[in-house]
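Read top to bottom, the protein sequences are chains G and Z.
Numbered according to this note's numbering, the first sequence spans residues 1 to 113.
Numbered according to this note's numbering, the second sequence spans residues 1001 to 1285.
Just to be clear, a hint being listed does not mean it is correct.
[What the hints assert, rightly or not] Below, in silico cross-link-like pairs of lysine-lysine (DSS-like), each with a Cα-Cα straight-line distance of 25 Å or less: (1) Z:Lys1248 to Z:Lys1235; (2) Z:Lys1164 to G:Lys83; (3) Z:Lys1112 to G:Lys83; (4) Z:Lys1235 to Z:Lys1147; (5) Z:Lys1164 to Z:Lys1207; (6) Z:Lys1207 to Z:Lys1235; (7) Z:Lys1112 to G:Lys53; (8) Z:Lys1112 to Z:Lys1147; (9) G:Lys27 to G:Lys53.
[As the list claims (entries may be wrong)] If you anchor each label on the Cβ, the simulated ranges turn out as follows: (10) Z:Gln1265 to G:Lys53: 28 to 36 Å; (11) Z:Val1249 to G:Ser94: 27 to 35 Å; (12) Z:Arg1256 to G:Trp72: 25 to 33 Å; (13) Z:Ala1262 to G:Glu42: 41 to 49 Å.
[Stated by the list, open to error] Cβ-to-Cβ under 7 Å is the rule here; a few derived chain Z residues that face chain G: (14) Ile1063; (15) Arg1080; (16) Glu1084; (17) Cys1181; (18) Leu1275.
Bear in mind the hints are in silico, worked out from the structure with no lab data behind them.
Using N, Cα and C, we set each Cβ at its ideal position, and we do this for glycine too.
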Amino acid sequence: MHEMSLCEGVLQVLEQNARTQGYARVKTVWLEIGALSGVGPEAMQFSFDVVVKDTLADGAALEIVETPAEAWCMQCARTVIVKQRFDACPDCGSYQLQVTAGDEMRIRELEVE
Amino acid sequence: MMCTVCGCGEGETRIEGHEHTHEHSHDHGHEHVHHHDGNTHGYGQGPAHAHAPGLSQSRMVQIEEDILGKNNEYANANRRYFSEHEILTLNLVSSPGSDKTTLLTRTIEDLKAELSLAVIEGDQQTANDAERIRETGVKALQINTGKGCHLDAHMVGHALDGLKPEEASVLFVENVGNLVCPAAFDLGEAHKVAILSVTEGEDKPIKYPDMFHAADLMILNKTDLLPYLEFDVDKCIDYARRVNPGIKVLQLSATRGDGLDAWYQWIRATRQVSLIGHSTQAASA
């Protein structure tokens, strides 16, 4: 969806941390992107390269770690893995699921110098 | 209007009533110039060059920061403001053409004698919608997002400065017509209300699951047209519950007036709940 503005958010975090962590260049950025976050890794990759041009992260590599979506099945009373929000429980077929993980979008780690 | 938070990635946002021109430069290694002609908020794109001589060794930094963290901070600030002023804020989301603005003007006409109301309008361009709202006599402010596909909490914070909704009012935020991006951006609202018209597909809740997952209420609008359409209401509601088992559903026709009472009851009840625990309300005992 709005990968461009998300990448601008990433860049802001990189610039803010440059001051507090004392680095001048960012070489690699590891992002954790949940399966339900609505973010397309390819679109993110493309936007990132454009957004960081002529900044402290110009040319930096973007490593995207996709994390699975988990939901609590109220029928089975346990956590199951789902692929989409409207998936049925893979065990009992119920739609009474509460998504518990998979919408995170987080910067996990940086390689800097 | 001073922006105290330069550096946000919004290039083309315009908020009605914000007119200023200033230039400034920082002495910490980068310069940016704000040219504000008319109502344009334009932010410098220059990088912050943090020169740290002597540090050339590659190293790892753990940061664990949420990409939407900045937006969420602004959203929390808005939420605090709403709470302090006892304002109930509803974020209305839909695709373009669901007739949100008609529902809103009708709601305002019917409730303005009873409740104090205000509106923030979000569109890519034009102030047409805010003008439509102002014709009802209610305060409204337009945000134009330019290239942006959604409102964010920072824009709404600035709009609040200009709009100044009254104490204990109901504030409607009409988001940019888009069922995708506004789902991810918390504005500090109490509830997202998704409006779906029956002239759209009944499977929209599973085509755009993020939005129907984020909403607390789904309004099915234009129900007066149901006799002419092949729209399966039960199926649509079933789809919505698959992505959000707790979602409430109201069916109405903003033009003919069917079902509006239930919507008004929902607004009144939600407002009462939001006021619980407020000192001015509790102090009467």
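Proposed proximity, Lys1147 (chain Z) with Lys1112 (chain Z) (alpha carbon, max 25 Å): Violated, because 33 Å separates the two Cα atoms, which is more than 25 Å.
Mind checking the alpha carbons of Lys1248 (chain Z) and Lys1235 (chain Z) for me, to see if they're no more than 25 Å apart? holds (15 Å)
Can the restraint linking Lys1235 (chain Z) and Lys1147 (chain Z) be considered satisfied, given a maximum Cα separation of 25 Å? violated (35 Å)
Between Lys1112 (chain Z) and Lys83 (chain G), is the straight-line Cα distance small enough, at 25 Å or below? This hinted pair is violated, its Cα atoms lying about 45 Å apart.
Can you tell me whether the CB distance of Ala1262 (chain Z) to Glu42 (chain G) sits inside 41 to 49 Å? holds (44 Å)
Would you settle whether the hint for Cys1181 (chain Z) is holds or violated, based on the nearest Cβ-Cβ distance to chain G being less than 7 Å? holds (4 Å)
Is the hinted pair Lys27 (chain G) and Lys53 (chain G) satisfied, with a Cα-Cα distance of at most 25 Å? Answer holds: Lys27 (chain G) to Lys53 (chain G) is near 13 Å, not above 25 Å.
Less than 7 Å between beta-carbons is the criterion; does Leu1275 (chain Z) satisfy it with respect to chain G? violated (28 Å)
Should the interface hint for Arg1080 (chain Z) be scored as holding, given a Cβ-Cβ cut-off of 7 Å against chain G? violated (22 Å)
Given the hint that Lys1207 (chain Z) pairs with Lys1235 (chain Z), does the C-alpha gap stay at or below 25 Å? holds (13 Å)
With a cut-off of 25 Å on the C-alpha distance, tell me whether Lys1164 (chain Z) and Lys83 (chain G) pass. violated (43 Å)
Against the 25 Å threshold, does the CA-CA distance of Lys1112 (chain Z) and Lys53 (chain G) hold or violate the hint? Distance ~50 Å between Lys1112 (chain Z) and Lys53 (chain G) Cα, so the pair is violated.
This entry does not satisfy hints 2, 3, 4, 5, 7, 8, 10, 11, 12, 15, 16 and 18, going by the numbered hints stated previously.
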